[in-house]
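*Asks:* Two chains, two separate frames, one set of hints: put the complex together.
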Amino acid sequence: MHDKAVFLRGYGFFNFFMRLKVNGDQLETMAETVEGLIGEFKLEPKGVAVEVNMAIVKKADYGSFRLKEGDEVEIVSFVGGG
Amino acid sequence: MSGKLKIGGVEFSSRLWVGTGKYKDFDETRRAIEASGTDVVTVSVRRVNIIDRKSENLLDFIDPKKYKILPNTAGCYNVEDALRYARLAREAGISDLVKLEVIGDERTLFPDVCGLLKATEILAKEGFIVLPYSNDDPITAQRLVDAGAACVMPLGAPIGSGLGIRNPYNIKIIRELLDVPVVLDAGVGTASDATVAMELGADAVLINTGIAGADDPVKMAAAMKHAVEAGRLAYEAGRIPRKLYATASSPIEGML
Chain A
0 MHDKAVFLRG YGFFNFFMRL KVNGDQLETM AETVEGLIGE FKLEPKGVAV
50 EVNMAIVKKA DYGSFRLKEG DEVEIVSFVG GG
Chain B
0 MSGKLKIGGV EFSSRLWVGT GKYKDFDETR RAIEASGTDV VTVSVRRVNI
50 IDRKSENLLD FIDPKKYKIL PNTAGCYNVE DALRYARLAR EAGISDLVKL
100 EVIGDERTLF PDVCGLLKAT EILAKEGFIV LPYSNDDPIT AQRLVDAGAA
150 CVMPLGAPIG SGLGIRNPYN IKIIRELLDV PVVLDAGVGT ASDATVAMEL
200 GADAVLINTG IAGADDPVKM AAAMKHAVEA GRLAYEAGRI PRKLYATASS
250 PIEGML
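Chains as they are written, first to last, in numbering that gives the first Met the number 0: chain A, 0 to 81; chain B, 0 to 255.
Everything labelled a hint here was simulated from the structure, so no lab data went into it.
Fair warning: there could be bad hints in the mix.
Unchecked claim - So, partial list: chain B residues that the calculated Cβ filter (under 8 Å) puts toward chain A:
id, residue
1, Gly18
2, Tyr22
3, Thr28
4, Thr41
5, Arg45
6, Asn56
7, Asn71
8, Arg86
9, Ile158
10, Leu162
11, Asn207
No experiment lies behind these values; they were computed from the predicted model shown.
All C-beta atoms, glycine included, are put in the ideal place defined by N, C-alpha and C.
Chain B extracted, bound-state conformation (with noise of 0.2 Å):
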């Protein structure tokens, strides 16, 4: 997986890609854009306030022509809510790009297995390129693949945790049975996650809390950028087994 990262057909030049939830406000949003270095951004599809249409627009801040635009099905508890919102935003948008949600269980945020594997099928059917944000299951994430997903996007730990990569040997083995990209999405909290990630081979990462959440969001953005980039090239560099005990690095020979 050398090279650009491409996902049904879609080419990405960043393997950071950034949510655009829960920043102060839309500029901070945009500085900690920049700052990531990242190509996609995602986004939620809500009503229009009509009452006061004053309020700024997203999409004032971040250009789509700069940035692809991925929308989100979140807080989706059921298949039917999940096409709906998937339907309305190819309409409101300009690709067939989806980050499929389909919610389990309000406290953990954990994907509903069963409703995830049947809305990516129907979606997939509907000519959506489908990114289902899944467990962290290799046979889940086979089961997706099977459905017509373009990818997947297993966790590392719950949404907005920041508790990292809990299950790295699940994420190993999805990577080497899949012949789909894998982005990790969600529960990394800070640069080393990110790097614990990619060093397991994810072809990219999905960053919105650890990044938005952080005391200061920019410069966060700017250390996630470095982790990602430093995690990719340890992945293709290829690390040292493990050994329990030393290996001299300086030569015996010659020594008094």
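In isolation and in its complexed conformation, chain A is listed as follows (with noise of 0.2 Å):
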């Protein structure tokens, strides 16, 4: 995925990259959409819960709602605790 974009990268007038920040760290993206974003993670919406700019993104939305340029993500899922 992100051989590709590099290479894509290069033609300049081909830019499908977004810069977000998911999880507090700066990354480039090709995905559009929040299921495209953890689609790249391997993640299944199952079990995690999604929130861009703090909002949270309905499960049922992640196909539909769009990411644009600049948007912090945050993605959480459940992990040991009491």
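*Replies:* Have a look at this one:
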């Protein structure tokens, strides 16, 4: 996925990239939607929750929710705790 | 409160609830939970590690079909954070249950009562089944119920301290004062602590460190299971009153 992205970026006018902040880290993605983004991380919607710019995105909307440059995304799941 | 425990319409078969933090690995978590006989486990909400996606997932070891997943808002020190974590937990999970924590101080991890009340009220209005982790004050417990809490979770002692039930009479008063279930949360260090909590009338006990921190967590989980059952039976059976002097168990009549 990322090799292809780097290749395409070389063409300049073919800019599929978007810079996002995901879980505190700056990164570049070709994903256009929340569904695409969590797919890049090999995550399934089940068991995760996603926030974009502090607002929760419902699972039913993952496919239609379009990400935009500079969005701040949080992806959380359950870990051991009391 | 005989029979099955019910909180906010959800039925629980076990009166021992188990936390999933601090275990050596997920396999030990799974074995301890099995040994405890519980049907409800607490979890926390944290960022997914997006850099290292090879890390295993807790829910691969704890089957949500077999166990009720009770997410907490541990680590939240204000109302806004607690609301945020609770809402994320509901979206990630499958139920409206939330063990609400609004912590007031890092050293004691005692609850921030004002924040807890506010967050309870907001989340209850949003349809959450709110199980607030509170201190052992009966009036606070009453106020939490007024704010919409489905049960109260008074602490026995500070989280992870293993100090046992520091204020047994307050726990007893909370039980007698309220119509909702009382789940003793935090402070249980060994089996006898869990029994005492149940004998005082707690409807359930939540234990994490007391099991996970034991030398043999799986064995301690089994001990806690028996301890909670024994304490509950004793509570239902009704203990004898304490007396200062002896009463003979054997008859005088027929003595030579």
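*Asks:* It remains to establish, for every hint, whether it holds in the given structure.
*Replies:* Each hint, compared with the structure:
The closest approach between the C-beta of B/Gly18 and any C-beta of chain A is roughly 3 Å, which is under the 8 Å cut-off, so the hint is satisfied. Taken as an interface hint, B/Tyr22 checks out: its beta carbon lies about 6 Å from the nearest beta carbon of chain A, inside 8 Å. Hint status for B/Thr28: holds, given a least beta-carbon distance of 6 Å to chain A, under 8 Å. With its C-beta approaching chain A no nearer than about 6 Å, B/Thr41 sits inside the 8 Å limit, and its interface hint holds.
Look at B/Arg45: its Cβ gets to within about 5 Å of chain A, closer than 8 Å, so that hint holds up. The interface hint given for B/Asn56 holds, since its Cβ lies 7 Å from the closest Cβ of chain A, which is under the 8 Å cut-off. For B/Asn71, the shortest C-beta to C-beta distance to chain A is roughly 6 Å, which falls under 8 Å, so the interface hint holds. At about 6 Å, the closest approach between the beta carbon of B/Arg86 and any beta carbon in chain A falls short of 8 Å, and the interface hint on this residue holds.
Nearest Cβ of chain A to the Cβ of B/Ile158: about 7 Å, under the 8 Å cut. The hint holds. Look at B/Leu162: its Cβ only gets to about 15 Å from chain A, farther than 8 Å, so that hint breaks. Using the Cβ-Cβ criterion of 8 Å, the hint placing B/Asn207 at the interface with chain A is satisfied: the shortest such distance is roughly 3 Å.
Hint 10 from the list above is the single one not met by this structure.
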